[in-house]
Amino acid sequence: PAPTPAPTPAPTTEPTTAPASTSPAPAQPTPAPTSASTAAPAPASTPVSQVPGAAACLEYGFDINSCYTEHGYAVGDCMCTPGKYDGQYTWYMWVCTKKHGMPQENRICSQNCENSCTS
Numbered sequence: 711p712a713p714t715p716a717p718t719p720a721p722t723t724e725p726t727t728a729p730a731s732t733s734p735a736p737a738q739p740t741p742a743p744t745s746a747s748t749a750a751p752a753p754a755s756t757p758v759s760q761v762p763g764a765a766a767c768l769e770y771g772f773d774i775n776s777c778y779t780e781h782g783y784a785v786g787d788c789m790c791t792p793g794k795y796d797g798q799y800t801w802y803m804w805v806c807t808k809k810h811g812m813p814q815e816n817r818i819c820s821q822n823c824e825n826s827c828t829s
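According to the numbering used here, the sequence shown holds residues 711 to 829 in order.
Fair warning: there could be bad hints in the mix.
Heads up, simulated DMTMM-like pairs for lysine to aspartate or glutamate below, C-alpha to C-alpha not over 25 Å straight-line [claimed, not checked]:
| id | residue 1 | residue 2 |
| --- | --- | --- |
| 1 | K794 | E824 |
| 2 | K809 | D796 |
| 3 | K794 | E769 |
| 4 | K808 | E780 |
| 5 | K808 | E824 |
| 6 | K809 | D773 |
| 7 | K794 | E815 |
| 8 | K808 | D773 |
| 9 | K809 | E780 |
| 10 | K809 | E824 |
The calculated label-pair distances, taken between Cβ atoms and stated as ranges, are [stated by the list, open to error]:
| id | residue 1 | residue 2 | range |
| --- | --- | --- | --- |
| 11 | E824 | G786 | 18 to 24 Å |
| 12 | E815 | D773 | 14 to 20 Å |
| 13 | G797 | S759 | 25 to 31 Å |
| 14 | I818 | G797 | 18 to 24 Å |
| 15 | E824 | Y770 | 17 to 23 Å |
| 16 | K794 | N825 | 15 to 21 Å |
Derived by calculation from the structure, the hints in this document are not laboratory data. None of these values were measured; they are calculated from a predicted model. Ideal placement from N, C-alpha and C gives every residue a C-beta, glycine not left out.
Based on the sequences and whatever the hints tell you, model everything.
In structure tokens form, the structure reads like this:
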């Protein structure tokens, strides 16, 4: 005799879960690496209104700095003074008449203070 086939189970109405995805999650962008040890901190921005002569220097297109503060002067002690070469304003200097607000003999700092404000 032939074997009897097993009965077919009735369909169920239970919800089925989708199989877990085996594909990796989408890659997230990685920020560019930075090196804190070599990055110089950005100098604090000084409001132009506190820097004597700044408006005149900016008028001639200079990107002024405050390097004089690295030589013991405070903001407001030195005045930005544009200089002419061949009839055009091509440089500026800092004329320091005070040191931390106290009058002193005038000192000249070059545009980038490479002379350490000793002139």
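Hint check results:
1. K794 x E824: Cα-Cα ~19 Å, so holds.
2. K809 x D796: Between K809 and D796 the Cα gap is close to 33 Å, so the pair fails against 25 Å, i.e. violated.
3. K794 x E769: Holds, because 13 Å separates the two Cα atoms, which is no more than 25 Å.
4. K808 x E780: holds, 15 Å
5. K808 x E824: holds, 19 Å
6. K809 x D773: holds, 23 Å
7. K794 x E815: holds, 24 Å
8. K808 x D773: holds, 23 Å
9. K809 x E780: Holds, because 12 Å separates the two Cα atoms, which is no more than 25 Å.
10. K809 x E824: holds, 18 Å
11. E824 x G786: 18 to 24 Å: Given range 18 to 24 Å: holds, Cβ gap about 22 Å.
12. E815 x D773: 14 to 20 Å: violated, 29 Å
13. G797 x S759: 25 to 31 Å: holds, 30 Å
14. I818 x G797: 18 to 24 Å: Holds: the Cβ-Cβ distance is about 22 Å, inside 18 to 24 Å.
15. E824 x Y770: 17 to 23 Å: Given about 20 Å between the Cβ atoms, the range holds.
16. K794 x N825: 15 to 21 Å: holds, 20 Å
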